[in-house]
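Just so we're aligned: the sequence shown equals residues -19 to -1, 1 to 198 in mature numbering (1 follows the signal peptide of the UniProt record, and there is no 0).
Hints are supplied without guarantee of correctness; some may be wrong.
Said to hold, decoys possible - Straight-line distance between alpha carbons at most 25 angstroms, and here's what the computed BS3-like set of lysine-lysine pairs gives: (1) 48 / 84; (2) 25 / 98; (3) 25 / 84.
Hints in this document: simulated from the structure, not taken from any laboratory. Because the structure is a prediction, the values reported are computed rather than measured.
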Amino acid sequence: MRNLLSSLALALYAVAATADPSLEARQGTTSLIGVTCGSTTYTKQQVDAAVAEGCRLHGFGRQLGDKRYPHQFNNFEGLVFAAAGPYQEFPILANRLLYAGSKSPGPDRVVFNPNLKGECVYVGAMTHTGASGNGFLSCAENSAGAGAATTSLTTLTGTLKPTSTSVSSSSSRTSTSTSTSSAAATTSANPNGAQGLAGTGSQGAAVVGVVAGLLLL
């Protein structure tokens, strides 16, 4: 039952974060795609959910488990985070459940500042994996502002090629603006030649898919 409730809370939080962009901004994950800690990769939604739970518990003065999470992280390792402390750490679990205190917290943590300009804000992630003793290493963040996008998406009617990603600063994190080149789509069923398409991410893929279906009618 505990696992079911934890899974439900994670799913509901993902929906809430999507519906409320201010929630993402408050937690400092607007440009985040995911994090990789050791060999484990967490999605943005998992990071958001773990931070939200850590912030909620801290706000109520509650702690879970033998190690009393969330608790203060003193950063003796000198890890670099997106903002200054004080820091709190809270487990993020590979099984996609929220840490409830009854089982091992695992090796990975989200780190947040509980009072950055009056808000509880995600500042980074860290892991015991690969660290000496009981220390931590920084997890690798996969951000939408990490660099130029060079991938291509092939469909039945052509290729959609994102070209570059530009980054602009927004509060303590970055927001991204992606420019996308037009995709030339040709088919023998269309004597008028190429159709210009433009899109970004899943929206662009959806546009190409719809056009492909129409051309095959």
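Evaluation of the provided hints:
Between residue 48 and residue 84, the direct Cα distance comes to roughly 11 angstroms. Compliance with the 25 angstroms bound is thereby established for this hinted pair. The hinted pair formed by residue 25 and residue 98 meets the criterion: a straight-line CA distance of about 23 angstroms does not exceed 25 angstroms. Taking the CA atoms of residue 25 and residue 84, the gap is about 23 angstroms. The hint holds against a cut of 25 angstroms.
In summary, the structure agrees with every hint in the numbered list given earlier.
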